[in-house]
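Asker: Based on these hints, arrange chain B on the given structure of chain A.
These are the residues of each chain, in order.
Number of protein chains: 2
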Amino acid sequence: MDQRGLEAASSEGPLAIICGGGTLPFAVADAVQRRGRPVVLYAVRGWAAPEQVARFRHHWAQLGQFGWFLRTTRKDGCRDLVFMGTLARPRLGQLRFDLGTLRVLPRIMMAFRGGDNHMLSAFTRVLEEHGFRVLAPQAVAPDILAPAGLLGTRQPSERDRIDIARGLAVIDAMADFDVGQAAVVANNHVLAVEAVEGTDQMLARIAQLRALGRVPVPPGVGVLVKAPKRGQDRRFDLPTIGPHTVAGVACAGLAGIAFAAGETIIAEPQEVAEAAAAANIFVIGIGAKEAAL
Amino acid sequence: MDQRGLEAASSEGPLAIICGGGTLPFAVADAVQRRGRPVVLYAVRGWAAPEQVARFRHHWAQLGQFGWFLRTTRKDGCRDLVFMGTLARPRLGQLRFDLGTLRVLPRIMMAFRGGDNHMLSAFTRVLEEHGFRVLAPQAVAPDILAPAGLLGTRQPSERDRIDIARGLAVIDAMADFDVGQAAVVANNHVLAVEAVEGTDQMLARIAQLRALGRVPVPPGVGVLVKAPKRGQDRRFDLPTIGPHTVAGVACAGLAGIAFAAGETIIAEPQEVAEAAAAANIFVIGIGAKEAAL
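Chains A and B, in that order, give the protein sequences. FYI, in this note's numbering the residues of the first sequence are 1 to 293. FYI, in this note's numbering the residues of the second sequence are 1 to 293.
Isolated chain A, as found in the complex:
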């Protein structure tokens, strides 16, 4: 199919979902199908959960098989695609490259020297040059973005609000370095800044430091703050929150979770709210206006 054929078929074709680990890709797939659009999952072997993948039309994909990906999406009539789910950055030595990959590899390698943003942006540009439209998960399934305001009933205190503001400022200060999208602040102390370890590991670290008596605030004080890096390509890698995040915050002895409203994905809001209520954790979306105060 040539470029024009692809374009003509696009609006009616199924949505391709490149599907990594976690529950988010399936929440998106369900939401898209509820809206009447078929999906095809390109499930990354070793990351996507097989029992969930089986619920959808799917292929098992391997990283490094870009030629295969081009042929298969063409057969499936997929022109629109989203990336979803966790995916560790692979070691190059572990990858097998097909011919299609080798053609685009130099550009990907150039991007490999930057952080995640560079890498994903470069891959997106390559896909776009091959006629794909790379869409944000939230563009095809807007329900997954968490709005401003409380999720649940517990309110942050005045002190929590100060911690939230400081957490947002820390994430903002780190934006130039393509680092994490989360920090933990307690009673105005920055306890942790997230980098490659991810939110779950960062929270586990706080729990561990607390057990060693090295957290300078009592249990029940402190906030996990999540917000997207400024300047990030918001199509992928928005901050996400799930029931496991609530569990991690509870183990770390923090008071709650604050996130950038409309820029944070909560795939299972009901489960998050229930977990938060059970653990007496507040969960709040902070609007852009509020954040600026």
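Some clues are possibly wrong.
[To be verified] Pairwise CB distance ranges (calculated):
hint, chain 1, residue 1, chain 2, residue 2, range
1, B, Q155, A, D98, 35 to 45 angstroms
2, A, P219, B, A211, 26 to 36 angstroms
3, A, A211, B, T153, 37 to 47 angstroms
4, A, D76, B, A279, 50 to 60 angstroms
5, B, R133, A, G287, 30 to 40 angstroms
6, A, G213, B, A148, 48 to 58 angstroms
7, A, L150, B, K75, 53 to 63 angstroms
8, A, P147, B, T153, 55 to 65 angstroms
9, B, T153, A, E268, 47 to 57 angstroms
10, A, Q62, B, Q155, 37 to 47 angstroms
11, A, L150, B, A148, 52 to 62 angstroms
12, A, I162, B, T153, 19 to 29 angstroms
Rather than coming from a laboratory, the hints here were simulated on the basis of the structure. Every value quoted in this text rests on a predicted model; they were computed, and no experiment measured them. Virtual Cβ for every residue (Gly too), placed ideally from N, Cα, C.
Answerer: Quick look at chain B alone, frame taken from chain A:
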């Protein structure tokens, strides 16, 4: 002894060393005594190593006993003092306060809401109001500051130099938040930013993430960068490097260590150089001019 009496006795009196954990306080005590000035260690129970403390004139001290500290230093004729060694910030519930402490507590508590800098600065002001001169360890034992240039023989590569510059920039960006004094950068990725966990734990995290395949660079790439927070009161809490730092860097699979020259303490440079040679790790002090490039 009144204020004037204290002042008159000062230049000849022994140096008081408030002595936390680690080997640094003893390296300083030895260096000061080599220069002919006697020392008295105020060894913090639970932190200072007893067998080393026993080598010097000393008292065992407990946090929260400021009245006792005032009386004892007066008897000892100590007016100049230094803080040295690791000391976890205590939980308030674990402290016993004497009367002298209760008098100054409100000011300390105000500072408790900020980070380490505020806390130490407030404590220093209180000490100064009581007639003490709080000195930098490097003012009484200049040998402990590591100079610019290589410690050992291995040179950083061009790529390492780029990682060093990025690490210094990350630490600079975090200065307003009174967070850590270290970061790990590998092939231009910021792998970790230090907060309350400290350098050793941060390095252990990199080793762990590497074992899980989550470090996007091969072994032998990446740099631990240590530099003091901008605006920090440099009398205490300068970044320190020891043989254990080299061991941690080796376990994390990094290429080397870069530190801010003249602002970083290496108490045992010979041991550090030997450990670095054994592990094939570079150790380099970066001068202010170089850092600005």
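Asker: Would you mind marking each hint as holding or not holding in the structure?
Answerer: Hint-by-hint comparison with the structure:
1. B:Q155 / A:D98: 35 to 45 angstroms: holds, 39 angstroms
2. A:P219 / B:A211: 26 to 36 angstroms: Between P219 (chain A) and A211 (chain B), where Cβ atoms are some 30 angstroms apart, the hint holds.
3. A:A211 / B:T153: 37 to 47 angstroms: holds, 41 angstroms
4. A:D76 / B:A279: 50 to 60 angstroms: holds, 52 angstroms
5. B:R133 / A:G287: 30 to 40 angstroms: violated, 51 angstroms
6. A:G213 / B:A148: 48 to 58 angstroms: Violated - the Cβ-Cβ distance for G213 (chain A) and A148 (chain B), about 37 angstroms, lies outside 48 to 58 angstroms.
7. A:L150 / B:K75: 53 to 63 angstroms: holds, 58 angstroms
8. A:P147 / B:T153: 55 to 65 angstroms: holds, 59 angstroms
9. B:T153 / A:E268: 47 to 57 angstroms: holds, 56 angstroms
10. A:Q62 / B:Q155: 37 to 47 angstroms: Given range 37 to 47 angstroms: holds, Cβ gap about 40 angstroms.
11. A:L150 / B:A148: 52 to 62 angstroms: holds, 53 angstroms
12. A:I162 / B:T153: 19 to 29 angstroms: violated, 50 angstroms
Consistency with the previously given hints fails for numbers 5, 6 and 12, ordered from lowest to highest.
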